[in-house]
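Enquirer: One letter stands for each residue in the lines below.
There are 2 protein chains.
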Amino acid sequence: MSSVEELIAKIKILEDQLRQKKENESVETVTVRDKITSMSAEVVDSNPYSRLMALKRMGIVENYEKIREFTVAVVGIGGVGSVTAEMLTRCGIGKLLLFDYDKVELANMNRLFFQPHQAGMSKVEAAAKTLNFINPDVEFETYNYNITTVENFQHFMDRVKYGSLKGKRVDLVLSCVDNFEARMAINTACNELNQVWIESGVSENAVSGHIQVVIPGETACFACAPPLVVASNIDEKTLKKEGVCAASLPTTMGIVAGFLVQNTLKYLLGFGSVTYYLGYSALQDFFPTMAMKPNPICDDSYCRLRQKEFKEKEALKPKETLKAKEEEKIVHEENDWGISVISETTEEELRMSEGETVPGLVEGVTLAYTKPASTQEPQGESVQESNQSLEELMAQMKSL
Amino acid sequence: MSSVEELIAKIKILEDQLRQKKENESVETVTVRDKITSMSAEVVDSNPYSRLMALKRMGIVENYEKIREFTVAVVGIGGVGSVTAEMLTRCGIGKLLLFDYDKVELANMNRLFFQPHQAGMSKVEAAAKTLNFINPDVEFETYNYNITTVENFQHFMDRVKYGSLKGKRVDLVLSCVDNFEARMAINTACNELNQVWIESGVSENAVSGHIQVVIPGETACFACAPPLVVASNIDEKTLKKEGVCAASLPTTMGIVAGFLVQNTLKYLLGFGSVTYYLGYSALQDFFPTMAMKPNPICDDSYCRLRQKEFKEKEALKPKETLKAKEEEKIVHEENDWGISVISETTEEELRMSEGETVPGLVEGVTLAYTKPASTQEPQGESVQESNQSLEELMAQMKSL
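First to last, the protein sequences are chains S and B.
Counted from 1, the first sequence has number 294 at position 294 by the UniProt record's numbering; the numbering is strictly sequential.
Counted from 1, the second sequence has number 235 at position 235 by the UniProt record's numbering; the numbering is strictly sequential.
Errors might be hidden in some of the hints.
The list treats identical chains as interchangeable, and a pair is accepted whether it falls inside one copy or across any two copies.
[As the list claims (entries may be wrong)] Quick list of in silico lysine-lysine cross-link-like pairs, DSBU-like style, CA-CA up to 35 Å:
1. LYS103 / LYS22
2. LYS21 / LYS168
3. LYS103 / LYS56
4. LYS166 / LYS56
5. LYS308 / LYS12
6. LYS22 / LYS12
7. LYS166 / LYS293
8. LYS308 / LYS66
9. LYS22 / LYS129
In short, the hints are calculated from the structure, not lab data.
Next comes chain S alone, as it looks inside the complex (with noise of 0.2 Å):
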């Protein structure tokens, strides 16, 4: 048996250890800030809020302060949606509800936002852990599930009517999900509950995306055009199947997020004017905007009944206001009833499918799906002249 003098050296050489390790943990953690009460603009090293304050100082926001207010639900905590909670955090959002149900992996490493030792951690556990300590005056919410399924949509539709800071609805969905099925599942969310959304989508082979504000009745929705905005976009799950996948950018990823959020603040801080559709292609730096007005003969009847309420609410305002209004907030391009996206093919295709784009389109946009050129004549040159054309090119379209 050792001596007790053995036995004491032994314990302070384990304390000493122990403390060791303990101050090493302690430069980890003391440093992080505690929650701060009210936002201030005072021009000091310490205040994380100085450089957003500015702002205000600028002329450029009125009321920056108001952002704490906010709550935004963000749908796909994956290349788009992880950077997307990231800035707003960083903004200083009131409240975000973070949804997504896949893993983080080392094959994710690509693009921002996630680190090597959080593999095999759920999307949002493993965001939220990293944005609650990179910005502890954000509350968040997170849901480790498939929105898609029966009882998660039920759960999914109460948390965006009643999740916000007070309770009640949020201010605004974020889609950032990568397939059709969760992006229908927004769409018919936000539809019934008159909620405004803003879907975005980067394309299969990383070079091109785009960010679409949806707002029930008074734009396009997810279902009154054929789902040519994210068709290539195929589903991750269904690519690694079959031994390949999507590529993907940190750099078109990134830059994607950046138009999210941004038009993000400009739609709830009340600057600049919000964006209805902007695309963006790498290879050329192309960055095609445009508009489209909800579909009439819409399948979804929700999206059917809040045009009516919209017409109404417009019919009621004052004459001269509401055309000032309507000039300012959307601007008709010439093809109201072009059903168009951001090509997501290559440059050759592209070329070669030239002669077959619907006309109408603006300069430079050709539809997702691109269909070879030895088939028969296309059949969507009516798309410009009648009401009747949207619906028969979306029979063409689901035939395809």
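Chain B: place on chain S using the hints.
Expert: Positioned in the frame of chain S, the structure of chain B alone reads:
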């Protein structure tokens, strides 16, 4: 004195605590991946390069693996530079040289990348630590100094010249600095070394930004035109002294970093087309592009030498190739001599100064300096008409 039993019990408790601490640590460190010797396209969750190698399969990039051979120098590791370095790291760049003399502060937390626990650390050290953790395959070299002092400038030149993976010159220099002197230092070094670089900038009011590719002798250098491009991007140090600071947003900075790295990837890996000047105006989502020819009477003697060399090189080329290449590489817009920049002023200032823009500018593009409306007749009217006008305008601007 304690009994032997008590001492042994205490040892057991300490050992348990220590084991626990070590276990907690191992969660953080064990899952971090080892270096990878060659990039694989295999689609498995554990492959950090599968989504990048997919760019090859999809026909976007011919040889993605080549990215491992490149070295990029990033000068300025702030809001744009840190995100730039992170994007390149996640893309698997061969080597990064990081230059900055600043420390991380809580006041930087409104942009992406740095986290609160890094406050007080040097930006280059904090960045290299995080980036090495994210991707251990990338090699890092950091310099915690101001490149504008005589001694450091020589060392900076030396690293640009010999800092690559093979001890040769770097492949690209990216300027992410926030002041005029640092940009001029990079310009001077790159003209002397005949080194391609890309300048980037974000306006003081946080809602606009740009990137500009400088190819010595081929496109305008930073000294060719009056320094309007970054005129309103005042050095932080000066601003802070007066108790005010420039505004900044994670969105604008993330987007500018995205544009910078996307064009870096296009330049290094040879896909798409590199955009020589790309502006971003957040309030309206407006993206002006243009190209500027170098100034034959530029103040920088090395710039004039590079212009001479470029002309001689071009003259030696067979006529046809020359024509095709020129058309492909630079789109000479109408304003060959227009000194122009995306507006860094407020919407109101812009409207007020509308009558004063220099003729020949791309639509929507104005000068960074807007003279008060009451001063004498604008003297820059002749810019488009003769080579002399640029000199005159420079003199005017200098006297402001």
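Enquirer: Next step is simple, just say for each hint if it's right about the structure.
Expert: Now the hints, each set against the structure:
no.	hint	verdict
1	LYS103 / LYS22	both (30 Å within a copy, 25 Å between copies)
2	LYS21 / LYS168	neither (45 Å within a copy, 43 Å between copies)
3	LYS103 / LYS56	between (39 Å within a copy, 26 Å between copies)
4	LYS166 / LYS56	within (25 Å within a copy, 49 Å between copies)
5	LYS308 / LYS12	neither (79 Å within a copy, 74 Å between copies)
6	LYS22 / LYS12	both (15 Å within a copy, 18 Å between copies)
7	LYS166 / LYS293	within (33 Å within a copy, 57 Å between copies)
8	LYS308 / LYS66	within (32 Å within a copy, 57 Å between copies)
9	LYS22 / LYS129	both (21 Å within a copy, 21 Å between copies)
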